[in-house]
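**Student:** Read top to bottom, the protein sequences are chains A and B.
If you're matching positions, the first sequence starts at 16 in the numbering used here and goes up one per residue.
If you're matching positions, the second sequence starts at 16 in the numbering used here and goes up one per residue.
Since the hints were made in silico from the structure, they are not lab data.
Keep in mind that this is a model prediction, so the values were computed, not measured.
Incorrect hints may appear among the rest.
FRET-style restraints, in silico, Cβ to Cβ [unchecked claim]: (1) B:332 x A:244: 27 to 37 Å; (2) A:18 x B:121: 49 to 59 Å; (3) B:95 x A:77: 50 to 60 Å; (4) B:60 x A:279: 12 to 22 Å; (5) A:278 x B:233: 35 to 45 Å; (6) A:278 x B:258: 47 to 57 Å; (7) B:179 x A:278: 44 to 54 Å; (8) B:237 x A:248: 33 to 43 Å.
We treat Cβ as the ideally placed atom computed from N, Cα and C, and that holds for glycine.
There are 2 protein chains.
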Amino acid sequence: MSSKIRVGIAGYGNLGRGVELSLAQNPDMELVGVFTRRDPASLQLQSAGVPVRALDQIEHYRNDIDVLILCSGSKNDLPEQGPALARWFTTVDSFDTHARVPEYYAAVDAAAQGAGTTALIAVGWDPGLFSLNRLYGECVLPVGQTYTFWGKGLSQGHSDAIRRVAGVAGGVQYTLPVEAAVQRVRNGEQPELSTREKHKRQCFVVLEQGADADAVREAIVTMPDYFADYDTEVNFIDAQTLARDHAAMPHGGFVIRSGQSAAGSQQVVEYGLKLGSNPEFTSSVLVAYARAAYRMNKNGQIGAQTVLDVPPGLLSPKSPAQLRKELL
Amino acid sequence: MSSKIRVGIAGYGNLGRGVELSLAQNPDMELVGVFTRRDPASLQLQSAGVPVRALDQIEHYRNDIDVLILCSGSKNDLPEQGPALARWFTTVDSFDTHARVPEYYAAVDAAAQGAGTTALIAVGWDPGLFSLNRLYGECVLPVGQTYTFWGKGLSQGHSDAIRRVAGVAGGVQYTLPVEAAVQRVRNGEQPELSTREKHKRQCFVVLEQGADADAVREAIVTMPDYFADYDTEVNFIDAQTLARDHAAMPHGGFVIRSGQSAAGSQQVVEYGLKLGSNPEFTSSVLVAYARAAYRMNKNGQIGAQTVLDVPPGLLSPKSPAQLRKELL
């Protein structure tokens with residue numbers, strides 16, 4: 016009998032594929048099944064010997080899975096799947112609609128409390144590791160300001176918005192922190208920063224044949240919500256360049272807490288990520304937290320939980336004694 | 016009756032004074048007493064109305080204190096005081112002799128388990144927040160390397176070592192990370208770095224009248240353990256300059272985890288501190304963890320604990336619902 020943590024994956028897009036690969040870097044865990052709404056026979060996994068099954072049959076595998084990692088989207092899928100699957104499994108998900116965390120938490124908590132499962136929600140880097148650093152920052156420096164900068168990174172939502180503009184054949188959008196603003200924050204100035212002062216937006220666009228470049232540029236930079244409040248740079252490239260130079264999904268950013276001690280000393284704490292692949296990093300975070308969710312459930316800590324509730328040591332395959340010896 | 020967390024301070028040096036000030040930034044906590052081995056009448060606190068008492072009478076105040084913050088030294092005092100005081104109080108300390116954490120943990124745990132108290136040990140920034148970041152780093156990027164750089168910062172131990180050299184009237188030592196090494200790590204190169212390649216040491220020395228500068232410099236740069244393995248710069252200054260420019264106690268550093276996802280993407284996580292005052296920051300960290308220690312004890316989590324055991328949300332005066340709404 017295996018003593019590994021038995022992990023299931025629900026949803027097999029970018030994130031699900033990333034979780035599958037990430038599990039291979041964690042020898043105390045094993046992938047025991049992938050569940051999909053598509054035809055299971057249509058999925059080609061990266062791992063050998065792992066069964067693919069229909070998501071609507073997942074209830075029958077309750078005794079075969081210690082923790083289920085939910086890899087579907089926050090917008091349409093998780094609000095329904097999160098509570099539904101927490102009735103049968105200890106789960107981890109990357110729900111990332113910040114404003115809806117409280118209502119999602121409540122729905123998942125009701126399901127998990129009723130079932131005696133543990134549901135670790137909103138895991139990833141933002142929300143997730145960035146949330147943790149906002150917390151640690153404001154707790155150790157209660158008098159101060161917290162700043163979050165994102166980028167350089169590819170924004171899926173903004174790239175989609177570009178592609179909906181008439182005359183655009185393809186394109187991507189990068190969010191960049193404004194370096195001057197980051198420097199002011201790092202220097203402990205605690206500036207008030209407008210949206211425009213914090214981030215700028217950089218677009219690489221492939222035009223449809225015969226499209227008017229100026230009209231496309233104008234449609235992009237004036238688009239409300241997405242671009243109008245930012246300085247936006249629009250670069251026109253050909254389809255080949257788009258495919259060659261802009262296929263990766265880098266991202267990153269910083270959380271900076273700038274504060275003063277009671278005696279007046281300036282103290283600055285900065286947490287930063289520089290990610291070659293955004294979905295692969297989110298996957299890695301999900302897998303580490305899956306280990307913690309499994310252990311929290313074993314310890315009787317049931318119901319919905321977030322990264323703020325997880326004792327950090329539970330993330331590691333090492334024993335508490337080993338962690339104290341190696342990391343303290 | 017007060018609903019604030021009642022905090023005591025044991026030991027009133029730099030750290031004790033910092034904790035006293037830091038408590039004023041945390042309105043849910045109140046300082047109810049300072050305990051000292053010196054003559055209590057000789058201490059002048061920064062706060063009005065707080066009693067100073069003899070440390071050897073502290074046992075009588077068991078019912079008046081929710082959590083005791085131990086502010087004495089790791090080398091001579093804590094190995095004895097930590098276990099002794101955990102028999103009567105829930106405690107927090109900044110024990111920082113890395114190599115002795117396991118034995119200190121065992122001694123404090125035995126005392127705290129017997130008494131039903133909670134003893135949160137090795138709290139501060141290293142060990143402490145840096146330990147947390149080493150943990151988060153290796154858990155989310157299990158394939159990779161962790162690097163810790165310290166500085167620019169004043170090292171008390173190395174400054175003391177300089178002052179013991181014959182011919183030295185006064186002096187301070189700063190530890191500096193080697194910028195080129197930091198850059199290589201940030202770039203994801205994962206280099207093997209020797210001691211000399213990671214840090215350099217910068218000394219500011221006031222000579223005694225008639226002392227031989229060359230002999231002093233030689234004695235410093237060749238000193239085993241402290242300087243021989245580093246590139247060390249020795250600057251001679253006068254006593255006035257030392258007092259004017261080198262009285263502050265800045266410090267800081269970085270923990271960087273550089274790793275690869277299973278698909279081969281480079282991912283770099285960096286945590287950095289830039290501290291105007293090292294003891295004031297350590298004090299702030301101790302106070303935040305005092306809140307957590309108090310709550311862990313209320314929740315029945317007794318015995319010795321470290322930052323790796325503390326659910327992050329317990330550090331905050333805010334409710335879990337408020338934290339989820341504001342930080343996720």
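**Student:** With reference to the structure, classify each hint as holding or not holding.
**Tutor:** Here is how each hint holds up against the structure:
1. A beta carbon spacing of about 34 Å between residue 332 (chain B) and residue 244 (chain A) agrees with the range 27 to 37 Å that was offered as a hint.
2. Hint check: residue 18 (chain A) to residue 121 (chain B), Cβ distance near 27 Å, so the stated range 49 to 59 Å is violated.
3. Judged by the Cβ atoms, the range 50 to 60 Å given for residue 95 (chain B) and residue 77 (chain A) holds: they are separated by roughly 53 Å.
4. Residue 60 (chain B) and residue 279 (chain A) have their C-beta atoms about 18 Å apart, which keeps the hinted 12 to 22 Å range intact.
5. Roughly 38 Å separates the CB atoms of residue 278 (chain A) and residue 233 (chain B), a value that falls within the hinted 35 to 45 Å.
6. Between residue 278 (chain A) and residue 258 (chain B), the C-beta spacing of about 19 Å breaks the proposed range 47 to 57 Å.
7. The beta-carbon spacing between residue 179 (chain B) and residue 278 (chain A), approximately 29 Å, falls outside the hinted interval of 44 to 54 Å.
8. A C-beta distance of roughly 56 Å is found between residue 237 (chain B) and residue 248 (chain A), which places it outside the suggested range of 33 to 43 Å.
Hints 2, 6, 7 and 8, counting from the list given before, are not met by this structure.
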